[in-house]
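Letter by letter, the chains look like this.
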Amino acid sequence: MSRERDFTSAILDARLPVPSGLLDGQNQAAGRRFSVYRNNVAVSLTQALHQGFPVLTRILGPDNMDGLAGQFLRAHPPVSPVLAHYGHALPAYLDSLPQLSHLGYLGDIVRLELALRRSYHAADAAPIEALRLSTLSPDALLACRFSFAPAVSVLRSDWPIHAIWRYNTVDGAAKPAPAAEDVLITRPDYDPEPHPLPPGAALWIDALRSGDSLATATDAATAAHPDFDLSAPLALLIEGRALTDISR
Amino acid sequence: MFDSIDRSAPSGGPSKGPFSALPNAAGVGYKPQHFQSLLDDAAPVKWLEIHAENYMGDGGRPLAQLRHLAQRFPISVHGVGLSIGGEAAPDPDHLARLKHLIDWLQPARFSEHLAWSTHDSHFFNDLLPLPYTDQSLGRICDHIDQVQSTLGCQMLLENPSSYLAFAESTWEEPAFLHEIARRTGCGLLLDVNNVFVSATNLDYRPQDYIDAYPLDLVGEIHLGGHDEDEDDHGKPLLIDSHGAEVVDPVWALLDYTLARSGAKPVLVEWDTDVPEWPLLQAEAIRAAAALDRVRETA
Chain A
1 MSRERDFTSA
11 ILDARLPVPS
21 GLLDGQNQAA
31 GRRFSVYRNN
41 VAVSLTQALH
51 QGFPVLTRIL
61 GPDNMDGLAG
71 QFLRAHPPVS
81 PVLAHYGHAL
91 PAYLDSLPQL
101 SHLGYLGDIV
111 RLELALRRSY
121 HAADAAPIEA
131 LRLSTLSPDA
141 LLACRFSFAP
151 AVSVLRSDWP
161 IHAIWRYNTV
171 DGAAKPAPAA
181 EDVLITRPDY
191 DPEPHPLPPG
201 AALWIDALRS
211 GDSLATATDA
221 ATAAHPDFDL
231 SAPLALLIEG
241 RALTDISR
Chain B
1 MFDSIDRSAP
11 SGGPSKGPFS
21 ALPNAAGVGY
31 KPQHFQSLLD
41 DAAPVKWLEI
51 HAENYMGDGG
61 RPLAQLRHLA
71 QRFPISVHGV
81 GLSIGGEAAP
91 DPDHLARLKH
101 LIDWLQPARF
111 SEHLAWSTHD
121 SHFFNDLLPL
131 PYTDQSLGRI
141 CDHIDQVQST
151 LGCQMLLENP
161 SSYLAFAEST
171 WEEPAFLHEI
181 ARRTGCGLLL
191 DVNNVFVSAT
201 NLDYRPQDYI
211 DAYPLDLVGE
221 IHLGGHDEDE
231 DDHGKPLLID
241 SHGAEVVDPV
251 WALLDYTLAR
261 SGAKPVLVEW
271 DTDVPEWPLL
281 QAEAIRAAAA
291 LDRVRETA
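Chains as they are written, first to last, in my numbering: chain A, 1 to 248; chain B, 1 to 298.
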């Protein structure tokens with residue numbers, strides 16, 4: 001058996017004996033000295049999960065978050081040394097835990113926190129000038145296709161995830177009411193911003209991102225949601241510096 | 001914060017870094033909360049260390065801050081995730097990310113640890129120990145050859161903090177590091193806090209370790225804080241934490257080292273429970289004073 005496999009098994013499972021052949025300075029068995037490694041690994045990864053998922057930590061409370069992190073880091077140790085991306089497996093892990101099934105929105109809240117972090121580290125991109133759009137005739141505008149900044153993403157949820165996120169990050173925010181909510185993430189400067197989207201807007205943005213013209217995307221959104229109006233979501237994209245190029 | 005700086009895309013970063021070497025002066029481990037303080041009142045700090053893995057995103061504030069700082073300070077890139085001491089070769093994806101960062105930033109230095117952190121594609125976020133044998137020696141040299149040829153630069157290898165020893169080890173740590181440097185052409189990094197921690201934990205005199213260390217190969221000296229615990233027999237067990245002030249015996253060990261090595265780049269690391277800038281600055285002032293003393297007696 002390799003030293004590393006011995007070591008990592010015993011680090012992740014404190015019920016396993018300390019690997020043999022480990023000594024102190026007097027050639028006595030190392031004993032609890034091995035716990036330094038067990039502790040370093042568990043504490044540092046637990047801290048990474050606290051920092052990476054502040055809203056989840058706030059909803060669960062720090063002690064419950066410690067417990068969850070301890071289980072999760074053993075089931076899903078990081079697969080990369082870049083800890084900014086640690087936790088990809090957490091939404092599905094939360095969805096699978098029967099003891100958390102009464103908090104069905106947790107998985108989507110974690111998906112939102114992951115998306116905000118991806119946006120924070122996404123590549124920079126220069127936005128198009130709003131002026132370029134305002135000089136186009138309505139017909140010319142409808143024929144346009146858009147390129148999007150890498151920091152932009154859209155999440156769809158059966159839960160009021162934006163309202164829950166706000167309630168846990170903004171003092172005095174309204175208590176969330178039951179509703180499905182779609183969220184647009186933009187990064188106008190260096191700080192990602194989540195925005196709730198009206199019905200049809202997530203479909204509309206996804207169509208634009210897949211290369212549809214403004215006319216085609218708007219037809220699709222209106223077919224699914226007859227009340228769809230592009231003005232509010234278009235303003236979010238422009239103010240959020242989400243659009244990086246126009247083509248026809 | 002941070003609206004007034006150059007916002008060009010990371011790919012527009014320095015093609016050739018403005019600093020080709022670290023000065024024989026005090027530096028600190030960079031923490032984002034100290035960004036503005038470093039621009040306003042850095043003295044006596046003359047260089048910065050960053051952890052490579054925190055700057056492997058595609059853009060955003062971390063890379064923008066780093067690009068800005070790199071115009072003012074020589075940067076030393078310190079890797080914590082390459083797993084040089086591992087049984088398997090360094091992860092090619094991670095090595096590619098590191099090369100991307102080094103090519104973009106053109107830092108004055110790159111360093112890593114005599115330790116492992118990845119096994120079977122899982123990353124454990126700790127610097128884990130290894131036995132010092134002919135077999136592990138050959139493996140580590142292969143890994144360092146691969147890293148240096150990929151990055152196109154010399155790296156420094158850092159001595160670890162040890163909490164235990166391996167029964168199968170046949171090399172003393174300073175000789176092991178010296179032999180790695182001889183075979184690969186890498187330089188060494190000497191962390192005097194790690195020396196103090198290991199010496200306390202494994203019952204030897206830290207000065208003996210310094211005497212055995214090839215100081216002419218040392219490109220950086222590190223200092224940091226540690227925690228105190230006890231082992232099964234009630235003996236002191238020191239734990240490297242980088243979460244407190246450097247203790248007096250470690251400052252004394254720095255003096256002992258500098259008296260033998262001459263002035264070197266000296267870094268204070270404070271990574272957990274990061275303090276307000278003035279407290280870290282005070283540690284840098286103490287490191288700069290130690291360097292001034294060795295220059296006066298030279």
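Possibly wrong hints are sitting among the right ones.
To be verified - Reference excerpt, derived from the structure (chain A facing chain B, CB under 7 Å, subset only): (1) Gly31; (2) Ser35; (3) Val41; (4) Gly70; (5) Val82; (6) Asp124.
To be verified - Taking CB as the label site, the calculated pair distances span: (7) B:Asp93 with A:Thr244: 24 to 34 Å; (8) B:Asp93 with A:Asp13: 25 to 35 Å; (9) B:Asp232 with A:Arg74: 22 to 32 Å; (10) A:Pro188 with B:Asn54: 57 to 67 Å; (11) A:Val170 with B:Pro23: 25 to 35 Å; (12) B:Lys99 with A:Gln28: 28 to 38 Å; (13) B:Asp40 with A:Leu133: 33 to 43 Å.
Hints listed in this document are in silico derivations from the structure and should not be mistaken for laboratory results. Glycine residues also receive a C-beta, built at the ideal position from the N, C-alpha and C atoms.
Interface restraint verdict for A:Asp124 against chain B (beta-carbon cut-off 7 Å):
Holds, about 4 Å.
Falls inside 28 to 38 Å, the C-beta gap from B:Lys99 to A:Gln28?
violated (44 Å)
Cβ-Cβ distance between B:Asp40 and A:Leu133: within 33 to 43 Å?
For B:Asp40 and A:Leu133 the Cβ distance comes to about 40 Å; the hint holds.
Is the hint on A:Gly31 kept, meaning its closest Cβ partner in chain B is under 7 Å away?
holds (4 Å)
Interface hint outcome for A:Val41 [beta carbon to chain B under 7 Å]:
Since the shortest Cβ distance to chain B is 5 Å, the answer is holds.
Quick one, is the A:Gly70 hint okay against chain B at 7 Å, beta carbons?
violated (14 Å)
CB-CB spacing for A:Thr244 and B:Asp93 relative to the 24 to 34 Å hint:
holds (27 Å)
Just tell me: holds or violated, for the beta carbon distance of A:Pro188 and B:Asn54 against 57 to 67 Å?
violated (23 Å)
Would the hint on A:Val82 stand, with a C-beta cut-off of 7 Å toward chain B?
holds (5 Å)
The hint names A:Ser35 as touching chain B; please verify it with the least Cβ-Cβ distance against 7 Å.
violated (9 Å)
Is 25 to 35 Å a correct range for the gap between the Cβ atoms of A:Val170 and B:Pro23?
45 Å Cβ-Cβ, so the 25 to 35 Å window is violated.
Is 22 to 32 Å a correct range for the gap between the Cβ atoms of B:Asp232 and A:Arg74?
holds (25 Å)
Hints 2, 4, 10, 11 and 12, counting from the list given before, are not met by this structure.
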